[in-house]
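Protein chains: 2
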Amino acid sequence: MENYRSQSPFSRFCLLPLIVVFTLQMDLSAQTSEKDADAAFIRKIYDRALTDGRCYPWLEHLSLRIGHRLSGSAGAEKAVQWTRSMLDTLALDSVWLQPVMVPHWVRGDAEQVRVSGSKKYGTFNLNALALGGSVGTPAGGVSAEVVEVKSWDELDKLNERGLRGKIVFYNRPMDPTKIRTFEAYGGSVDQRAYGASRAAKYGAVAVLVRSMTLRLDDFPHTGSLRYDSTFTLIPAAAISTMAAEKLSQVLKEEGKVTVFMKMNCQTLPDAPSYNVIGEIRGSERPGDVILVGGHLDSWDAGHGAHDDGAGCMQSMDVLRIFKRLGYRPRHTIRCVLFMNEENGLRGGKKYAEEAERKGEFHLAAIESDAGGFTPRGFSFDGDEAVFGKFFEKVSAYEPLLEPYGLKLTKGGSGADIGPLKGMKGLLSGYSPDSQRYFDLHHSADDTFDKVNKRELELGTASMAALVYLLDKYGL
Amino acid sequence: MENYRSQSPFSRFCLLPLIVVFTLQMDLSAQTSEKDADAAFIRKIYDRALTDGRCYPWLEHLSLRIGHRLSGSAGAEKAVQWTRSMLDTLALDSVWLQPVMVPHWVRGDAEQVRVSGSKKYGTFNLNALALGGSVGTPAGGVSAEVVEVKSWDELDKLNERGLRGKIVFYNRPMDPTKIRTFEAYGGSVDQRAYGASRAAKYGAVAVLVRSMTLRLDDFPHTGSLRYDSTFTLIPAAAISTMAAEKLSQVLKEEGKVTVFMKMNCQTLPDAPSYNVIGEIRGSERPGDVILVGGHLDSWDAGHGAHDDGAGCMQSMDVLRIFKRLGYRPRHTIRCVLFMNEENGLRGGKKYAEEAERKGEFHLAAIESDAGGFTPRGFSFDGDEAVFGKFFEKVSAYEPLLEPYGLKLTKGGSGADIGPLKGMKGLLSGYSPDSQRYFDLHHSADDTFDKVNKRELELGTASMAALVYLLDKYGL
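Chains A and B supply the protein sequences, listed in that same order. In terms of our numbering, the first sequence is residues 10 to 484. In terms of our numbering, the second sequence is residues 10 to 484.
If you are wondering where the hints come from, they were derived from the structure by calculation, not from laboratory data. Errors might be hidden in some of the hints.
One copy or any two copies: either way a pair holds, since identical chains are not told apart in the list.
Here are the simulated DSS-like cross-link-like pairs (lysine-lysine), alpha carbons at most 30 Å apart as the crow flies [claimed, not checked]:
1. Lys53 to Lys187
2. Lys433 to Lys398
3. Lys255 to Lys53
4. Lys416 to Lys187
5. Lys44 to Lys481
6. Lys53 to Lys159
7. Lys187 to Lys481
8. Lys332 to Lys187
9. Lys332 to Lys402
10. Lys416 to Lys398
11. Lys129 to Lys419
12. Lys402 to Lys129
13. Lys44 to Lys187
14. Lys481 to Lys332
15. Lys332 to Lys433
16. Lys129 to Lys159
Just need the whole structure built from these sequences, with the hints factored in.
Given below as structure tokens:
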């Protein structure tokens with residue numbers, strides 16, 4: 010300070026800027042040490058997840074001991090009870106079940122779908138799974154000529170004249186040139202969702218849909234359809250991509266092909282079920298919630314390991330890791346395992362209703378529902394009124410997350426957390442590598458052995474790191 | 010232009026800046042349209058790779074019809090002839106075999122490694138593979154007490170007193186907290202490389218090394234060792250991580266454990282082999298080469314599918330894609346399938362010698378030798394004198410490659426292209442996701458079914474995109 014006295018008038022004139030610079034520097038070095046502290050804590054999260062993770066053995070139990078768990082099934086009930094009991098071991102502040110009535114669709118006997126009387130190939134089976142929510146065929150099955158279409162235009166041109174009494178075969182493949190496979194899915198899944206009613210409109214009697222996968226193999230991939238009740242509800246099934254190729258080939262070679270379908274799936278009355286919830290209460294703002302979750306239900310094939318056992322076990326492990334690290338959050342950190350994402354979204358809707366009713370503000374909600382693959386980042390969404398500001402704030406975290414291979418982008422979030430959007434918090438979807446997801450999605454091949462331990466654990470750590478930053482800095 | 014006449018003197022004064030701005034704009038819009046053209050061509054490369062790729066069926070053939078191909082083996086010879094015949098179908102400007110003498114080590118009979126006479130567990134086998142280059146045991150095997158160490162310090166402290174006549178068991182695991190698994194590998198592989206001679210220095214009679222993998226399973230992972238000829242050459246084998254855990258546990262429980270090892274591996278005289286090379290000659294600078302390659306040899310377990318059948322098939326497919334797209338490169342684009350990366354690097358050394366002799370400047374060399382997983386980017390290396398400038402230039406490509414998930418970083422390149430470094434071109438290593446690589450690396454589990462078609466194809470496209478930019482803009 011002594012030097013001030015010997016300064017020239019010009020220097021004295023410059024004192025203010027000096028002070029400003031000094032203050033700025035202090036501020037910057039405070040910021041730097043905060044950043045170092047954040048980096049160190051995030052490092053701890055990853056170390057813990059990679060050396061002492063539970064998501065993988067938990068997923069093993071869920072997959073191999075409980076298995077698939079369609080809403081309303083015994084598997085879903087077991088999964089609810091078991092995940093609740095696991096959350097109970099974590100010394101959280103609360104663990105509870107949130108009741109919700111869910112659709113109860115049952116597949117019944119194994120589907121029979123076969124080409125009959127081909128000149129060249131005789132009679133042969135097409136590997137098929139009824140679409141979720143589909144009605145069954147008449148008890149004796151249905152037999153009809155098949156008409157292949159690749160677009161709605163083709164369908165509309167064929168019209169009642171070409172389609173009455175026929176089975177419509179939707180065979181537009183997912184586009185392999187999309188780098189993000191979710192885009193390819195988005196470009197084809199309309200056939201599965203709307204195909205039945207749009208065919209019924211023209212008098213078709215049933216529908217076959219090429220499975221939503223980029224792989225050529227013999228697994229049918231199911232998924233939900235949406236009936237338009239204006240038209241007759243006709244049965245619909247997905248066939249494997251190999252079956253689709255074969256059927257298309259026979260149609261090309263022989264012109265006319267007859268398929269027999271028999272399915273006795275049906276929708277029973279709604280059944281009681283639950284969202285499974287656990288939380289660490291916030292020390293400063295307990296009414297503000299940061300949610301991390303996935304969906305506990307799955308289709309009734311395989312283990313539902315990637316879809317979405319992975320996301321559920323990761324979400325539970327995020328809370329466990331915070332507890333193990335002795336982290337005391339400012340906001341309430343809540344893990345939610347939603348029921349019924351696959352065929353109704355009842356869990357997500359119920360959860361949002363209840364949150365609204367209790368006046369719980371959801372500062373942020375992160376869903377992991379894109380498989381347990383290597384992390385690539387997070388995509389963010391939110392109500393227009395607030396999203397720009399939020400995204401700018403969150404983008405500033407990127408340098409802390411980049412060393413872990415994470416990018417932050419605008420985009421979709423998750424189906425279950427969608428109903429929270431009106432609450433004007435931040436929504437986020439965890440985005441792992443998407444290349445292998447649709448190979449397995451909704452098929453008997455979505456089994457535990459397809460999940461890599463480290464990839465799953467890295468996802469857990471990535472989610473925990475984002476939760477930590479959101480909790481520390483708010484929005 | 011008419012408006013100029015009515016301009017105020019001040020405006021006229023500003024004409025020069027206007028002209029500068031105008032010229033800049035023209036320049037910028039020329040740059041923009043170049044960028045659009047580049048983006049469009051890169052898109053074409055990806056479209057082709059993802060809809061009409063050959064790398065996957067080629068890898069299927071290499072894996073299932075030829076199988077593993079250690080230098081000097083019949084498999085290696087078959088792989089040379091078959092890849093040459095495949096390159097011959099691509100209408101390249103030249104395809105040739107470059108002779109190179111390679112080490113010829115043979116494993117002999119299946120290794121016998123067993124714990125004998127444990128009080129609690131009796132006698133039991135440890136799944137093992139001799140390390141590449143290891144000498145065999147005496148014909149009747151060797152039986153000795155085991156001493157476990159996790160660091161060189163421990164080894165040095167045990168010294169001759171603690172190690173003479175013993176079998177040293179190196180059991181330092183790869184560090185699971187490293188995000189990039191290659192770092193974890195780098196932190197442990199010294200045990201495999203130097204363990205035998207450092208133990209022999211103290212009179213040990215044999216060595217067991219924990220397999221270099223982050224996974225806990227029962228596959229032993231082999232790999233080369235480096236003897237220091239100052240000391241006795243003693244036999245060395247990798248044991249699976251499960252075997253390592255078991256052995257460690259028994260040592261802890263019983264204090265003293267005896268292991269019996271019998272291996273009759275040996276090194277035969279050097280054998281003749283080849284690098285397999287194909288090229289599209291450059292239209293403007295045929296003497297300047299852009300190389301894309303992998304190594305054709307593999308360890309003698311599994312299929313060598315990820316290591317490095319993947320990199321070889323991708324490199325061949327890069328040239329095929331350029332031909333299919335009718336691309337006429339300015340520089341010579343050359344695919345090189347190096348022989349003997351795994352245990353000698355003779356192919357890489359020979360190739361660099363020959364290039365030097367012929368005065369071929371290697372503008373750039375890209376090696377794919379980190380598995381056929383989803384692309385994450387490229388790392389770049391080069392001679393100090395030129396690297397800074399090169400990396401700056403290459404970094405400018407990033408916006409064109411980012412939509413495909415690629416990042417460009419400084420780092421290592423590839424073992425086979427290392428000997429080209431003195432030529433002062435750019436070296437690059439293709440960097441796919443590394444999480445699953447060491448699960449399979451050098452083990453019987455590195456089989457074709459572990460390779461995902463899209464992930465492999467995306468790698469091919471990524472390499473082709475980088476080659477295209479390097480070819481168009483030079484360095």
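- How would you label the pair lysine 44, lysine 187 (within, between, both, or neither) given a Cα cut-off of 30 Å? Result: close only across copies, 20 Å inter versus 37 Å intra.
- Message: Regarding lysine 332 and lysine 187, is the shortest C-alpha distance of 30 Å or less found within a copy, between copies, in both, or in neither?
- Response: Only across copies: lysine 332 and lysine 187 sit 23 Å apart there, 40 Å inside one copy, limit 30 Å.
- Which holds for lysine 416 with lysine 187 at a C-alpha limit of 30 Å: within a copy, between copies, both or neither? Intra 19 Å, inter 19 Å, cutoff 30 Å: intra and inter.
- Under a CA distance limit of 30 Å, which applies to lysine 433 and lysine 398: within one copy, between copies, both, or neither? within (12 Å within a copy, 48 Å between copies)
- Task: Measure nothing new, just compare the shortest in-copy and cross-copy C-alpha distances for lysine 187 and lysine 481 to 30 Å and report within, between, both or neither.
- Result: between (37 Å within a copy, 25 Å between copies)
- Query: When no copy is specified for lysine 53 and lysine 187, does a C-alpha distance of 30 Å or less occur within a copy, between copies, both, or neither?
  - Reply: between (36 Å within a copy, 12 Å between copies)
- Query: 30 Å Cα cut-off: does lysine 53 pair with lysine 159 within a copy, between copies, both or neither?
  - Reply: Between copies only: 24 Å across chains, 51 Å inside a chain, cut-off 30 Å.
- When no copy is named, should lysine 402 and lysine 129 be tagged within, between, both, or neither for a Cα gap of at most 30 Å? neither (64 Å within a copy, 60 Å between copies)
- Message: As a check of your reading, is lysine 416 near lysine 398 (CA-CA no more than 30 Å) within one copy, between copies, both or neither?
- Response: Close inside one copy (18 Å) and across copies (27 Å); limit 30 Å.
- Message: When Cα atoms must be at most 30 Å apart, do lysine 44 and lysine 481 count as within-copy, between-copy, both, or neither?
- Response: Within. Shortest intra-copy distance 12 Å satisfies the 30 Å Cα cut-off; inter-copy 41 Å does not.
- Message: My question is about lysine 255 and lysine 53: at a cut-off of 30 Å on alpha-carbon distance, are they close within one copy, between copies, both, or neither?
- Response: Between copies, since 29 Å is at most 30 Å while 53 Å is not.
- Query: Within a copy, between copies, both or neither: where do lysine 129 and lysine 419 come within 30 Å Cα-Cα?
  - Reply: neither (52 Å within a copy, 59 Å between copies)
The structure does not agree with the numbered hints 11, 12 stated previously, though it agrees with the rest.
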